[in-house]
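These protein sequence lines map, in sequence, to chains A and B.
The first sequence begins at 1 in full-length UniProt numbering and counts up one residue at a time.
The second sequence begins at 1 in full-length UniProt numbering and counts up one residue at a time.
By construction, these hints were calculated from the structure, which means they are not laboratory data.
Treat the hints loosely; a few may be bogus.
As the list claims (entries may be wrong) - Here are the simulated lysine to aspartate or glutamate pairs, EDC-like style, with alpha carbons at most 16 Å apart:
no., chain 1, residue 1, chain 2, residue 2
1, B, K28, B, E203
2, B, K5, B, D71
3, B, K245, B, E219
4, B, K247, B, D230
5, B, K18, B, D54
6, B, K28, B, E3
7, A, K31, B, E97
8, B, K114, A, E88
9, B, K157, B, E203
10, B, K222, B, E186
11, A, K31, B, E111
12, B, K244, B, E229
13, B, K70, A, E28
14, B, K5, B, D57
15, B, K70, A, D184
Unchecked claim - Per the computed footprint, the stretches of chain B lying under chain A, defined by three or more beta-carbons under 8 Å from a beta-carbon of chain A, are:
no., stretch
16, 55–66
17, 88–94
18, 103–110
Unchecked claim - If the Cβ cut is set under 10 Å, some of the chain A residues that face chain B in the computed set are:
no., residue
19, K31
20, R35
21, D68
22, E117
23, E123
Even glycine gets a Cβ: it sits at the ideal position worked out from N, Cα and C.
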Amino acid sequence: MVYRFFNGIGDYALLMWRVFRRPESWRETWKAFWREVDLLGLDSLWIVSIISLFMGAVVTIQTALNLDDPFIPDYYIAIAVRESIILEFSPTMVSLILAGKVGSNIASTIGTMRTSEQIDALEVMGINSANYLILPKIAASVFFNPMLLTLSLVLGLAGGYLAGEWTGMVVSSDFILGLQMGWDPFYISYAIIKMIVFAFLIASISAYFGYTVKGGAVEVGRSSTTAVVNSSLAIIVFNYILTDVLLN
Amino acid sequence: MIEVKGLRKSFGEHEVLKGIDVNFEPGKANLIIGRSGSGKTVFLKSVLGLHDVDSGDIVYDGRNVAELSKDERTLLRQEIGMVFQGGALFDSQTVLENVMFPLNFFGDMSESEKRDRADFCLSRVRLDSAHNRFPAEISGGMQKRVAIARAIAMNPKYLFCDEPNSGLDPETAIVIDNLIQEITEEYNITTVINTHDMNSVLEIGDHVILLKEGYRAWEGTKDEILHSEDEAVLDFVFRSELFKKVKEALRK
Ligand SMILES: Nc1ncnc2c1ncn2[C@@H]1O[C@H](COP(=O)(O)OP(=O)(O)OP(=O)(O)O)[C@@H](O)[C@H]1O
Ligand SMILES: [Mg+2]
Chain A
1 MVYRFFNGIG DYALLMWRVF RRPESWRETW KAFWREVDLL GLDSLWIVSI
51 ISLFMGAVVT IQTALNLDDP FIPDYYIAIA VRESIILEFS PTMVSLILAG
101 KVGSNIASTI GTMRTSEQID ALEVMGINSA NYLILPKIAA SVFFNPMLLT
151 LSLVLGLAGG YLAGEWTGMV VSSDFILGLQ MGWDPFYISY AIIKMIVFAF
201 LIASISAYFG YTVKGGAVEV GRSSTTAVVN SSLAIIVFNY ILTDVLLN
Chain B
1 MIEVKGLRKS FGEHEVLKGI DVNFEPGKAN LIIGRSGSGK TVFLKSVLGL
51 HDVDSGDIVY DGRNVAELSK DERTLLRQEI GMVFQGGALF DSQTVLENVM
101 FPLNFFGDMS ESEKRDRADF CLSRVRLDSA HNRFPAEISG GMQKRVAIAR
151 AIAMNPKYLF CDEPNSGLDP ETAIVIDNLI QEITEEYNIT TVINTHDMNS
201 VLEIGDHVIL LKEGYRAWEG TKDEILHSED EAVLDFVFRS ELFKKVKEAL
251 RK
């Protein structure tokens, strides 16, 4: 078990070594990059939007219920909501959702290419298949996920605002006031750093499980499950490490 | 010419190839035959360099693969075309894009030259009407033809085909065989074909190698194989009732 884990890490490192090489054709890699942005990024807009709106709303209601005390002014609720959304909920939750959606997509696409010998076909042509298939996916995720994060932050706070308004728990002027109080721009950098690390983890770990599939359709299915589980675990672990390193 | 000397390959404990020596000459179809599981695919992939071999030399017209630098190997790869057992077409790309794929990566053709070349290769395999369809939308026989078109797009000196006509009806299978044969002779390609189809052997088998239990059990031409009394040949070729009758007739 432990042996398999470290063996896997070694294989993963070797694969990344082959991924980060100069592409045989920059033009083809560039084309593939935009294809991936479309497939992995743009295609996730709606799910990220919906999740963020509801997440913001729920966080606001929860916080309002917990801080329901006449001595605590209502704008404190907005501050708390802002911190939780920017620091934790948006980057982590959105990444976990993407690990499920994008991770399984990456693992099964690459896994199918492996079992149907499409990867061998690339290698025979003299193309570094790891580089051509995986680099654009990692690059597209690292490039686009921070944009998804920005969207998520905006919609999360909007969801909070709307929930406060509709339930009457936080008056809108208080909410706006709270959002502006004690504002530290580093929080945004912090969230983006997290998002970039998570994007790399999702794309590279899922690609690893797809690329190393042996067998047929059943194994491809299994690898896509394993990819989602492992990239989610990696996100949780790195979330802890990054929080510790960046905020302490 | 491709020379294979003492090729050995194992997976863990299981030794699949136990020292194979064979030469493949240009301009004719070299056929590897043998039962399912006898190591034909492993052999082909080893010669291609998709598997790391345990020992042995593979020499492409004087170039020993083991002694080539990474760049030289990439150059050699561009002289190789391969038709995989399942076609291995890129399923997110249309037929035309599949054939243009290697041209996009290598060489310095303009967009219209690439298109012309792809059109030419597709018409060469007699496929003129499926350019914009996806692999999932065409029949197995058409997929094989697209795979051949893609394999010859770069004008290869060496062509490898892994069971190019498995899963096809006998008529289409013969069409594919003859197509490969024609292309081989026309461009003087060194062609290696894996098959377990005796029809192919009798149709295009200028040079036939029988693999059995990791060894080269027999080697000869399609005419010799019919008259051979070699045990391995008798065992593999003359298994079916049809071929038993053929053999009896030939012996008379
Ligand atoms: N990647 C691999 N890892 C382990 N064993 C393998 C691998 N590839 C092939 N083998 C083993 O090597 C042997 C030969 O397989 P191979 O695919 O070459 O057979 P084949 O002659 O091409 O059969 P078929 O006609 O069915 O395609 C089999 O016993 C197979 O289990
Ligand atoms: Mg095979």
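Taking the hints in turn, this is what the structure says about them:
1. Restraint check for B:K28 and B:E203: satisfied, since their Cα atoms lie roughly 12 Å apart, inside the 16 Å limit.
2. Of the pairs offered as hints, the one joining B:K5 and B:D71 is violated, with about 24 Å between alpha carbons and a cut-off of 16 Å exceeded.
3. Under the criterion of a C-alpha separation no larger than 16 Å, the hint pairing B:K245 with B:E219 is inconsistent with the structure, at around 23 Å.
4. In summary, the hint linking B:K247 to B:D230 is supported, as the alpha carbons are separated by about 13 Å, within the 16 Å threshold.
5. With a C-alpha separation of about 10 Å, the suggested pair B:K18 and B:D54 falls inside the 16 Å cut-off, and the hint holds.
6. Pair hint B:K28 plus B:E3 holds up; C-alpha atoms about 15 Å apart against a cutoff of 16 Å.
7. Using a Cα cut-off of 16 Å, the hinted pair A:K31 and B:E97 holds, with the two alpha carbons roughly 13 Å apart.
8. A threshold of 16 Å between alpha carbons decides the hint, and for B:K114 with A:E88 the separation of about 51 Å lies outside it, so the pair is violated.
9. For the given pair, B:K157 sits about 22 Å from B:E203 by alpha-carbon distance, which is inconsistent with the 16 Å threshold.
10. Taking the CA atoms of B:K222 and B:E186, the gap is near 21 Å; set against the 16 Å cutoff, the hint is violated.
11. Proximity of A:K31 to B:E111 is assessed by CA-CA distance (about 15 Å); at most 16 Å being required, the pair is judged to hold.
12. Straight-line distance between C-alpha atoms of B:K244 and B:E229 comes to about 13 Å, which keeps the hinted pair within the 16 Å bound.
13. With a C-alpha separation of about 21 Å, the suggested pairing of B:K70 with A:E28 is violated against the 16 Å cut-off.
14. Under the criterion of a C-alpha separation no larger than 16 Å, the hint pairing B:K5 with B:D57 is consistent with the structure, at around 5 Å.
15. Distance check on the hinted pair: B:K70 and A:D184 sit about 51 Å apart at the alpha-carbon level, beyond 16 Å; violated.
16. For the stretch 55–66 of chain B, the stated coverage by chain A is violated: 0 residues have a C-beta nearer than 8 Å to a C-beta of that chain, whereas at least 3 were required.
17. Counting residues of the stretch 88–94 of chain B whose beta carbon lies closer than 8 Å to any beta carbon of chain A gives 4, which meets the minimum of three for the stated coverage.
18. Counting residues of the stretch 103–110 of chain B whose C-beta lies closer than 8 Å to any C-beta of chain A gives 3; at least three are required, and the coverage claim holds.
19. Evaluation of the A:K31 hint against chain B yields a held restraint, the C-beta minimum of about 9 Å falling below 10 Å.
20. Among the interface hints, the one on A:R35 holds; its C-beta lies about 8 Å from the nearest C-beta in chain B, closer than the 10 Å criterion.
21. For A:D68, the shortest C-beta to C-beta distance to chain B is roughly 54 Å, which exceeds 10 Å, and the interface hint is violated.
22. Hint status for A:E117: holds, given a least beta-carbon distance of 4 Å to chain B, under 10 Å.
23. Contact between A:E123 and chain B, as hinted, is supported at the beta carbon level, the nearest pair being about 6 Å apart and thus within 10 Å.
In terms of the numbered hints stated before, the structure departs from hints 2, 3, 8, 9, 10, 13, 15, 16 and 21, listed from lowest to highest.
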